[in-house]
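Visitor: The residues making up each chain are set out below.
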Amino acid sequence: MNKHFFGDTAVLLGRSLKHVMRSLDTVITTAIMPIAMMLMFVYVFGGAIRTGSGHYVNYMLPGILLITVASGVSYTALRVFTDLKSGVFARFQSMPIARSALLWAHVLTSLVANLISLVIVVSVALLMGFRSGAGVLDWLEVAGSLLVFTLALTWIAVIAGLAGKTEAGAGAFSFPLIFLPFVSSAFVPTATMPGPVRAFAEHQPVTSIVNTIRDLLAQRSVGTNIWTALAWCVGILIVAATFAMVAYRRKLS
Amino acid sequence: MTVSAIPESAIRVRDLEKSYKDLHVLRGVGFDVARGSIFALLGSNGSGKTTVVKIMSTLLKADAGSVNVHGHDVATHPAKVREAISLTGQFAAVDEMLSGQENLVLIARLRHLKNPGKIADNMLRRFSLVDVGVRKVSTYSGGMRRRLDIAMSLIGNPPIIFLDEPTTGLDPQARIEVWQAVKKLADQGTTVLLTTQYLEEAEQLADRIAILHRGRIIVDGTLTELKQLLPPAKVQYVEKQPTLEDVFFAIVGADDENGDSGEDSDAETTETLARTSD
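Top line first, the protein sequences correspond to chains V and G.
Counting in this note's numbering, the first sequence runs from 1 upward without gaps.
Counting in this note's numbering, the second sequence runs from 1 upward without gaps.
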């Protein structure tokens, strides 16, 4: 590893954090859509949805958090794409710096930007009546699950940013990700869905992640869900990161 | 040549070949650039200029041939090459979200230099950007952007600089600003390789000119040598209409320095253009 790897990554991280702080509209728009959905589901559809006892916002918050991350990473793709198109990428790569520093700076920035959006969404949920008796350890597990999920989607975003031909194209990958929670246990119990849809919903990654976070926040035992969730996230993470690294190297040769 | 010995040429390219899938972009390119000189790679769009620059600046790997930059082979010692060069790409590669000052500090930090703030301030002064130093680059004009771009390339005083079409898309005034910056660089002993599609630019700046055409160097020499290749000049009386550029400068009132360097060669250039296209 290059002796300047950590120093260079820190400098470039500082740079892209400045981007995030100077375009807070990106963080806010990331948070606004999930907040709007949360309002719709709680105050419009929520009354008709049977999820058992408890406030509906408690039920659907985990899914909303995943949607927040899914829409947030589109800006990660956009930042990578902009660096590539503006020639900044080429400039950095022709300089004596650690070659992967720029990539890691973008990945870390993605984590920070999504964290800010998640905090905003959770704050609004609290105002809407979300309550959890979860302890510090449970919250840490929730944070950990979201972190691994964000990392996995971030690497997918990096691939999109590197491969995108246009700005819109680079960000478009996140739409299917945003819709995945709708066909899961995020908003309604999967038991009400017809056979094939239910089969898909119960075996796609979002359901296990949502169930894990929901159980942690409700202080129920998470059972094997957490392992399924982790396996999905880590699996996606490894595959996406590998492809992203290959795409990144290819840009350099 | 051993790696440690200081070679005579700053850049030495031999039999360079590169294809993108079926497209054979470079078909055996070779040239030498003397230390401290300005070398112009002249060619039309799609002639392969940018590909050559990308290979020399370690961004692209060649299919065949060798490139030696500052005594290091780009294929085997790319990291060493990167320490000796600086690339100013075809489009000003500046960070739009940062100020000019922050852009310069960023590069100084990435070059692991001490006192990045001081270096940045010096550069702002040297390129007349002090007044706009704290402004976001997205508010800069094309000329200011290019000057900042070149200033960023000079941080750390790399001995060799690549300028890929440094004046494409600039207005005449900004172009002359860039020319002046490049001349100053060479005066200080920096080796400059620039690509251009403008004959006039090569004529104005370069000690040596190579014409890249369809992936091959078809001519390589000094301006005088190139002129000798042309048919002898005929004396003709032609009414010289003012060019649009003359009109532009007459109306906006060019800086004093601009006037003498820019215009005299217009007629000559037009003539050269006409003859080369024969």
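Derived from the structure by calculation, the hints contain no laboratory data.
Where a beta carbon is used, it is the ideal one built from N, C-alpha and C, also for glycine.
One or more hints might be untrue.
Examples of chain G residues toward chain V, derived with CB under 10 Å [unchecked claim]:
| no. | residue |
| --- | --- |
| 1 | Arg82 |
| 2 | Ser86 |
| 3 | Thr88 |
| 4 | His112 |
| 5 | Lys114 |
| 6 | Val130 |
| 7 | Asp131 |
| 8 | Gly133 |
Which stretches of chain G does chain V cover? Using the computed rule of at least three CB atoms under 8 Å from a CB of chain V, they are [stated by the list, open to error]:
| no. | stretch |
| --- | --- |
| 9 | 40–50 |
| 10 | 103–110 |
| 11 | 237–250 |
Partner residues aside, some chain V positions facing chain G, computed with beta carbon under 8 Å [unchecked claim]:
| no. | residue |
| --- | --- |
| 12 | Ile97 |
| 13 | Ser100 |
| 14 | Arg250 |
Visitor: Are the hints correct? Go through all of them and say.
Guide: Outcome of the hint check:
1. A distance limit of 10 Å between C-beta atoms decides the matter here; for G:Arg82 the minimum to chain V is near 4 Å, and the interface restraint holds.
2. Taking 10 Å as the C-beta cut-off, the interface hint given for G:Ser86 holds, the closest approach to chain V being about 7 Å.
3. A cut of 10 Å between beta carbons decides the hint on G:Thr88: the least distance to chain V is about 8 Å, and the hint holds.
4. Because the closest C-beta pair between G:His112 and chain V is about 6 Å apart, less than 10 Å, the hint holds.
5. Hint on G:Lys114 is violated. Least Cβ distance to chain V is approximately 13 Å, over the 10 Å limit.
6. Restraint check, G:Val130 versus chain V: the minimum CB separation of about 21 Å is more than 10 Å; hint violated.
7. With 10 Å as the threshold, the beta carbon of G:Asp131 stays out of range of chain V, its nearest partner Cβ sitting at about 21 Å, so the hint is violated.
8. Interface restraint check for G:Gly133: the shortest CB-CB distance to chain V comes to about 16 Å, outside 10 Å, so the restraint is violated.
9. For the stretch 40–50 of chain G, the assignment as covered by chain V is violated, since 0 residues bring a beta-carbon within under 8 Å of that chain's beta-carbons and 3 are needed.
10. Check on the stretch 103–110 of chain G: 4 of its residues sit with their Cβ under 8 Å from a Cβ of chain V, so the three-residue criterion for coverage holds.
11. Only residues whose C-beta sits within less than 8 Å of a C-beta in chain V count toward coverage, and the stretch 237–250 of chain G has 0 of them, not enough to reach three; the restraint is violated.
12. Checking V:Ile97 against chain G: minimum C-beta separation of about 5 Å stays under 8 Å; hint holds.
13. Given hint, V:Ser100 at the interface with chain G, is violated; its Cβ is 14 Å from that chain's nearest Cβ, farther than 8 Å.
14. A hinted interface residue such as V:Arg250 counts as satisfied when its beta carbon comes closer than 8 Å to some beta carbon of chain G; here the least separation is about 11 Å, so the hint is violated.
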